[in-house]
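Colleague: When the letters of the sequence shown are read in order and numbered with mature numbering (1 follows the signal peptide of the UniProt record, and there is no 0), they come out as residues -24 to -1, 1 to 218.
Heads up, a few of these hints could be off.
Computed list of lysine-lysine pairs in DSS-like fashion (alpha-carbon distance at most 25 Å, straight line) [what the hints assert, rightly or not]:
(1) Lys68 <-> Lys185
(2) Lys84 <-> Lys209
(3) Lys185 <-> Lys8
Each pair of labels, with its calculated beta carbon distance range [claimed, not checked]:
(4) Gly45 <-> Tyr4: 15 to 25 Å
(5) Asp90 <-> Glu(-19): 21 to 31 Å
(6) Arg35 <-> Tyr4: 13 to 23 Å
(7) Pro(-7) <-> Ser93: 41 to 51 Å
(8) Leu204 <-> Met13: 17 to 27 Å
(9) Asn127 <-> Arg17: 20 to 30 Å
Just so you know, the hints here were simulated from the structure itself, not pulled from any lab data. Using N, Cα and C, we set each Cβ at its ideal position, and we do this for glycine too.
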Amino acid sequence: MAFLMECCTLIVNVLCMPLHLIHAVGMYEIYKRFFPMCLNRCSIMYNKKMYDKKKELFRSLSGFNKPGGQLTILEIGCGTGANFEFYPPGCKVICTDPNPHFQKYLKKNMGDNDQLSYERFLVASGEDMGSVESESVDVVVCTLVLCSVNNIPQTLREARRMLRPGGAFFFQEHVVADPSTWTYFFQHVLQPLWYYFGDGCEVTRETWKHLEAAGFSELKLRHIETPLMFLIKPHIVGYAVK
């Protein structure tokens, strides 16, 4: 099966040569302007199918508010703001994303969720959040983002740095399937094409291993199967405490 997977992956890579070339000459940046529109539609469908699981995950957010203070949430890779409806009323949200073209959809979701206060929108990658002070937020949220960052350990280091002691990192990410499954086979075979469709998304990552090694004092992590298309069906969900 491993040999067959390697052969099929090679074939897909060859078929993706025009996309590889477009990326190499810098023309792929044009897609980044249209990607927010695609993701906005996907996020609406994702939230419908994952509503109960998201609601359950974010139910614990309020427990990380410092006594007498306003809960401050920083979201890495906020995208279109699909998580806003799950945040506790009255909390303060700092939005970050490396793609500035999300702002149109972000403003709409801000307007639809005016029970929250929004501090600012930062154009920044998860690996470099230097404009945010250390130990300045109660919660860092990261959903469907660790699949596309360039460096997961560095992103988690930045999350820990920004969190105050006792703060929490909330995550919900699709991950690679069990190696004995056909899902695992097709994740690897179709990855070269999926990378371009998902703006750098990788469906073959063992993200939970990075979370386990990130140095959090407590980690609550579950592997779940979601009602989504088979390539992104396996998920991990939970939170880690600094």
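Colleague: Does each hint fit the structure? Answer for all of them.
Modeller: Going through the hints against the structure:
{"no.": "1", "hint": "Lys68 <-> Lys185", "verdict": "violated (30 Å)"}
{"no.": "2", "hint": "Lys84 <-> Lys209", "verdict": "violated (28 Å)"}
{"no.": "3", "hint": "Lys185 <-> Lys8", "verdict": "violated (29 Å)"}
{"no.": "4", "hint": "Gly45 <-> Tyr4: 15 to 25 Å", "verdict": "violated (43 Å)"}
{"no.": "5", "hint": "Asp90 <-> Glu(-19): 21 to 31 Å", "verdict": "violated (52 Å)"}
{"no.": "6", "hint": "Arg35 <-> Tyr4: 13 to 23 Å", "verdict": "violated (39 Å)"}
{"no.": "7", "hint": "Pro(-7) <-> Ser93: 41 to 51 Å", "verdict": "holds (46 Å)"}
{"no.": "8", "hint": "Leu204 <-> Met13: 17 to 27 Å", "verdict": "holds (20 Å)"}
{"no.": "9", "hint": "Asn127 <-> Arg17: 20 to 30 Å", "verdict": "holds (29 Å)"}
Hints 1, 2, 3, 4, 5 and 6 from the list above are not met by this structure, while the remaining hints are.
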